[in-house]
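Next come the chains, spelled out residue by residue.
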Amino acid sequence: AQSVTQPDIHITVSEGASLELRCNYSYGATPYLFWYVQSPGQGLQLLLKYFSGDTLVQGIKGFEAEFKRSQSSFNLRKPSVHWSDAAEYFCAVGSSGYSTLTFGKGTMLLVSP
Amino acid sequence: GAGVSQSPSNKVTEKGKDVELRCDPISGHTALYWYRQSLGQGLEFLIYFQGNSAPDKSGLPSDRFSAERTGGSVSTLTIQRTQQEDSAVYLCATQGAAYNEQFFGPGTRLTVL
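These protein sequence lines are chains X and H, in that order. The numbering of the first sequence is the numbering used here, which starts it at 1 and goes up by one. The numbering of the second sequence is the numbering used here, which starts it at 1001 and goes up by one.
Derived from the structure by calculation, the hints contain no laboratory data. Backbone N, C-alpha and C define an ideal beta-carbon position, used for all residues, glycine too. Treat the hints with care, as some may be off.
As the list claims (entries may be wrong) - If you only want the chain H side, here are some residues facing chain X, beta carbon under 10 Å, derived:
1. Leu-1091
2. Ala-1097
3. Asn-1100
4. Phe-1104
What the hints assert, rightly or not - List of simulated lysine-lysine pairs, DSBU-like, C-alpha gap at most 30 Å:
5. H:Lys-1015 <-> H:Lys-1057
6. H:Lys-1017 <-> X:Lys-68
7. X:Lys-68 <-> X:Lys-49
8. X:Lys-61 <-> X:Lys-49
9. X:Lys-49 <-> H:Lys-1057
10. H:Lys-1057 <-> H:Lys-1011
11. X:Lys-49 <-> X:Lys-105
12. H:Lys-1017 <-> H:Lys-1057
13. X:Lys-68 <-> X:Lys-105
14. X:Lys-105 <-> X:Lys-61
15. X:Lys-105 <-> H:Lys-1011
16. X:Lys-105 <-> H:Lys-1057
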């Protein structure tokens, strides 16, 4: 069965500091990987996705993620965090085509001044 | 509208009552998914519609849950005889092409008293 692990429930980062959110997945086939962000009271917004090709993918709002097959990881990074990045971040895995997504339990990012 | 819309945004009901939650997809999106987001459980898949195919109901937690999608457009999720453990945010997502991401609506927050 497929699964996604986000080991950090909460992370606090100072504004301007770099950020890395961890995501590990278990999937029997070629994974399609996603990072979504959810602000309070809002739906999920896609930050970036990996389907194939270059293992370093760029997303919106200055985020990037790197797919490492050998480590079954898809960590999200940002070089300099802004206060507006405070939100909950979800990693998800699916298969090709139309597919239900399996989500991690999320990481809540807090940004300190 | 341009995005996925859901109604109502909030629903408070008494235990044992039936509720209906509505999802209006992005026009032309053939795939529609329902997920549930609850404390401690994260995001869980409920049901998936794709075109005229039979829906994938494998995520529905009990036979009190059902959903339909009329004319390949609007979808309604029905929960009969609601229980307190049904309290959660119900999210709808739609997908327009096989290799695109899922677009999420803002969700319906259901509270069962």
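Evaluated hints:
Here the hint on Leu-1091 (chain H) is kept, as its CB sits about 6 Å from the closest CB of chain X, short of 10 Å. About 9 Å separates the beta-carbon of Ala-1097 (chain H) from the nearest beta-carbon of chain X, less than 10 Å, and the hint is met. Residue-level restraint check for Asn-1100 (chain H) holds (minimum Cβ-Cβ distance to chain X is 9 Å; threshold 10 Å). Checking Phe-1104 (chain H) against chain X: minimum C-beta separation of about 4 Å stays under 10 Å; hint holds.
Annotation: proposed proximity of Lys-1015 (chain H) to Lys-1057 (chain H) holds, straight-line Cα distance about 24 Å (limit 30 Å). Simply put, Lys-1017 (chain H) and Lys-68 (chain X) have alpha-carbon atoms about 48 Å apart, too far for the 30 Å limit, and the pair is violated. Of the pairs offered as hints, the one joining Lys-68 (chain X) and Lys-49 (chain X) holds, with about 14 Å between alpha carbons and a cut-off of 30 Å not exceeded. The suggested pairing of Lys-61 (chain X) with Lys-49 (chain X) holds, with an alpha-carbon distance near 14 Å, which does not exceed 30 Å.
Among the hinted pairs, Lys-49 (chain X) with Lys-1057 (chain H) is consistent with the structure: their alpha-carbon atoms are about 26 Å apart, no more than 30 Å. For the given pair, Lys-1057 (chain H) sits about 23 Å from Lys-1011 (chain H) by alpha-carbon distance, which is consistent with the 30 Å threshold. Between Lys-49 (chain X) and Lys-105 (chain X) the alpha-carbon distance is near 18 Å, which keeps this suggested pair within the 30 Å criterion. Of the supplied pair hints, the one linking Lys-1017 (chain H) and Lys-1057 (chain H) holds, its CA atoms being roughly 22 Å apart against a limit of 30 Å.
As the CA atoms of Lys-68 (chain X) and Lys-105 (chain X) are separated by approximately 20 Å, the hinted pair is consistent with the 30 Å bound. Between Lys-105 (chain X) and Lys-61 (chain X), the direct Cα distance comes to roughly 22 Å. Compliance with the 30 Å bound is thereby established for this hinted pair. With a C-alpha separation of about 24 Å, the suggested pair Lys-105 (chain X) and Lys-1011 (chain H) falls inside the 30 Å cut-off, and the hint holds. Only pairs whose Cα atoms come within 30 Å are accepted, and Lys-105 (chain X) paired with Lys-1057 (chain H) is accepted, the gap being roughly 22 Å.
Checked against the numbered hints above, the structure violates only hint 6.
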